[in-house]
Amino acid sequence: MDLIVLGAGPAYTDKMGAIGASYLLRDGEEALLVDMGQGSFPSLANQLEPSALSGVLISHLHPDHFIDLVALRHYLRFQFKPPRRVTTYGPADLATRLDALHAEPGFAIETFDHVPFGGSGRRQIGPFAVEAILVTHTAESYGYRVTGRSGSPIVYSGDCGRAADLAPLIQPGDALLTEVSFGPGPVPPGAQHLDAPAVGALAASRQPGRVLLTHLQMGYDPDATVAGVRALYGGPVELVKPGDRFSF
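Whatever position you read off the sequence shown (first residue = 1), add 124 for our numbering.
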């Protein structure tokens, strides 16, 4: 299974060309998109014809993780006659949130078939076995473990305010793709995100095969963030950026 980082940005940034959270998993000719933050649609469309996706996983309903579903919806609706459809998975209120953006009931269902996880559970999406678990962030936020037909699984944190919530998803040798929003730390009270010490402690306890850091907030030092994780975890650690590719 391959991971292509389409975007790794947080909610706001001063970096030109930054793209919100979006990660493409490929298993042969099949592809699963995990989150679709701001600016990610062009990167997706440069990797594959978007209507060919096996599905789209959304971790939670903050716009920096789902807002480019609007662009995907317009593409599916107007680029093809008849319109094409893609299945989305995640929080129950996704379609309602998309409808509200345009004040247009039915906006989402014109192109999306939405499957809510309804709490922790498992789904088979094409060749991808997906395990979801509720994590501390919004009222319905998910971390995901995705297993392809071959290679190591990958665990994705989404946005998570309590590292221990992710522990049940992580098996030794898995790849861990995790937010580290507040860099070396500390996390401001009530922010419901992770920092390097929290990620490092989680990785030390669960022993993933490698740690891939993402979603670093503006103003936090990347090198100090990586070092903060390495201080507690002895495996490979790196901060991902758009265009990075990994094989598991």
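Hints listed in this document are in silico derivations from the structure and should not be mistaken for laboratory results.
Incorrect hints may appear among the rest.
The calculated label-pair distances, taken between Cβ atoms and stated as ranges, are [said to hold, decoys possible]:
| # | residue 1 | residue 2 | range |
| --- | --- | --- | --- |
| 1 | A325 | D347 | 13 to 21 Å |
| 2 | G141 | Q248 | 33 to 41 Å |
| 3 | D347 | Q295 | 36 to 44 Å |
| 4 | P312 | R208 | 19 to 27 Å |
| 5 | P207 | L172 | 33 to 41 Å |
| 6 | S274 | G141 | 28 to 36 Å |
| 7 | S244 | M140 | 37 to 45 Å |
Please read these numbers as outputs of a predicted model, since none were measured by experiment.
The beta-carbon is built from N, C-alpha and C at its ideal position, and this holds for glycine as well.
Each hint tested on the structure:
no.	hint	in the structure
1	A325 x D347: 13 to 21 Å	holds, 20 Å
2	G141 x Q248: 33 to 41 Å	holds, 36 Å
3	D347 x Q295: 36 to 44 Å	violated, 29 Å
4	P312 x R208: 19 to 27 Å	violated, 43 Å
5	P207 x L172: 33 to 41 Å	violated, 18 Å
6	S274 x G141: 28 to 36 Å	holds, 33 Å
7	S244 x M140: 37 to 45 Å	holds, 39 Å
The earlier numbered hints that this structure contradicts are 3, 4 and 5.
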